[in-house]
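Asks: Construct the entire structure; sequences and hints are all you get.
Listed in order, the protein sequences are those of chains A and B. Numbering-wise, numbering that gives the first Met the number 0 puts 31 at position 32 of the first sequence, and it's gapless, one number per residue. Numbering-wise, numbering that gives the first Met the number 0 puts 85 at position 86 of the second sequence, and it's gapless, one number per residue.
It is possible that some hints are incorrect.
[Unchecked claim] No farther apart than 27 Å at their CA atoms in a straight line, the calculated lysine-lysine pairs in the DSSO-like style are these:
| id | chain 1 | residue 1 | chain 2 | residue 2 |
| --- | --- | --- | --- | --- |
| 1 | B | K2 | A | K51 |
| 2 | A | K266 | A | K225 |
| 3 | A | K23 | B | K2 |
Simulated from the structure, these hints should not be mistaken for lab results.
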Amino acid sequence: MTGFQYSAPVSVEEAVALLAVDGKARLLAGGTDLMVQMRSGRVAPSQVVDIKRIPGAIGIRQENGGFVIGAGTSCAALGEHAALCAAWPGVVEGANLIGSTQVQGRATMAGNLCNASPAADSVPALVAAGARCLVVGPQGQREIAVQDIPVTPGRNSLAPGEFVLELRLPARPAGASDAYLRAIPRTEMDIAVVGAGVNLVVAPDGTIIEAHVALGAVAPTVLLVKDAGAALVGSKLDDAALQRMEQAVSAACKPISDKRGTAEYRKSIAAVLARRTAKIAYQRAGERS
Amino acid sequence: MSKVYVSSVVNGDPVEFLCDADTSLLDALRDELGLTGAKEGCGTGDCGACSIMLDGRLVCSCLVLGPEAEGRQIDTIEGMAEGSELHPLQRQFLEHAALQCGFCTPGLLVASKALLERNPDPSETEIRFWLAGNLCRCTGYDKIIRAVQDAAAELRQERSVA
Ligand SMILES: Cc1cc2nc3c(=O)[nH]c(=O)nc-3n(C[C@H](O)[C@H](O)[C@H](O)COP(=O)(O)OP(=O)(O)OC[C@H]3O[C@@H](n4cnc5c(N)ncnc54)[C@H](O)[C@@H]3O)c2cc1C
Ligand code: FES
Ligand code: FES
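Replies: Structure, rendered in structure tokens:
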């Protein structure tokens, strides 16, 4: 790592000013990507701005029936929040797949999102959930959809000086639940070959009234596959609906071939994984109606 | 480049040190405070040899910046034994020969202790998942798992007697 200035501002304004100093300032959340990137020399920031001391940057609060998650909140803390786990089990299981226990103690979902890896494990479930980001910056604040953050692998859409202060999950109706599954060559500590997040709202008679399907690692950024969600709406997750969803998933995938899997493999695994994930989300939703 | 002044509490004692902004907490502990129990196996968060507790959370100290420790509570392997009395985990690691070269051992002990504090009776699967970020190239893990199970049983016993 090469010399940089470290600061830990205690207000949003101060953090924005520090991050806007030059194009080479970097925000530090859990550091589980940034520290590795600095060490390898891939990034050499002029400033490292630690946001974790900004009041509200760490913590989970319930607001208008939904949840507001501070950008500095560790994935481990998400898994310890009973109400969040009950309402958004898929979001939490995505976050809790990131790395080891040690990595969990520091890694954040906002960092996972802003780092913009196509295989980021917490992002598909966040996208399926319709989560939004509170972005703060020199121009004030704005709210954008989670999927508008990643642009290409390793690049996000934030302007200089801007950062994500909060992730916001919407209120949950009865009969709603979600799930996330990933396929990896090992059982732990690996990068997703495919990830699938499914978020469903199910009527008391078992009919799906809302469905969102998002995929990771099968395109340069996470994909929200509208046709896959639409294929499930109106069904009771029968085989015909699942097959239509699988076709939509395979058609939407634009994967690469690499050492973890060929493009062909990823396409077929994506369909299988989306099916399994949908079944879990459906069962969970049934338990909450 | 001017040094950063950091004050924190390490193993219950207030400490102060100076470090460069880009020093990892692992290097600060080892080089500034002389606490060489935590080791650098990889420097990239993969091996867990650098495991410490930061404000009660298990983390890789190689992925923390030294200056981040300002005002924080740090617990390392050096604080595990009480004087010359080994912690049950340390004793069981010795009894089970759960170490050979010992490079991974401080990290495994710190991580295992963190597990038993939240879950006094973990299943084998729970132990294996919790410790998945602690790599050991010598033992093949089985002895480590058994040592953790026996230490857990011992601690449960102690607690029920107390
Ligand atoms: C051993 C190991 C295993 C891992 N396994 C996985 C895995 O299984 N799945 C997975 O998806 N990832 C994995 N990762 C990657 C990493 O842990 C995650 O991407 C993590 O969520 C990053 O969060 P962070 O808070 O540590 O980010 P940081 O490292 O602090 O930041 C990452 C990047 O995002 C920027 N950033 C962070 N927060 C914000 C914000 N609020 N606003 C704007 N920009 C921001 C930073 O400037 C930096 O460029 C692993 C990493 C390690 C070291
Ligand atoms: S040295 Fe920190 S995880 Fe390997
Ligand atoms: S005892 Fe040698 S690495 Fe574990």
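Asks: Are the hints correct? Go through all of them and say.
Replies: Here is how each hint holds up against the structure:
no. : hint              : verdict
1   : B:K2 <-> A:K51    : 21 Å, holds
2   : A:K266 <-> A:K225 : 17 Å, holds
3   : A:K23 <-> B:K2    : 21 Å, holds
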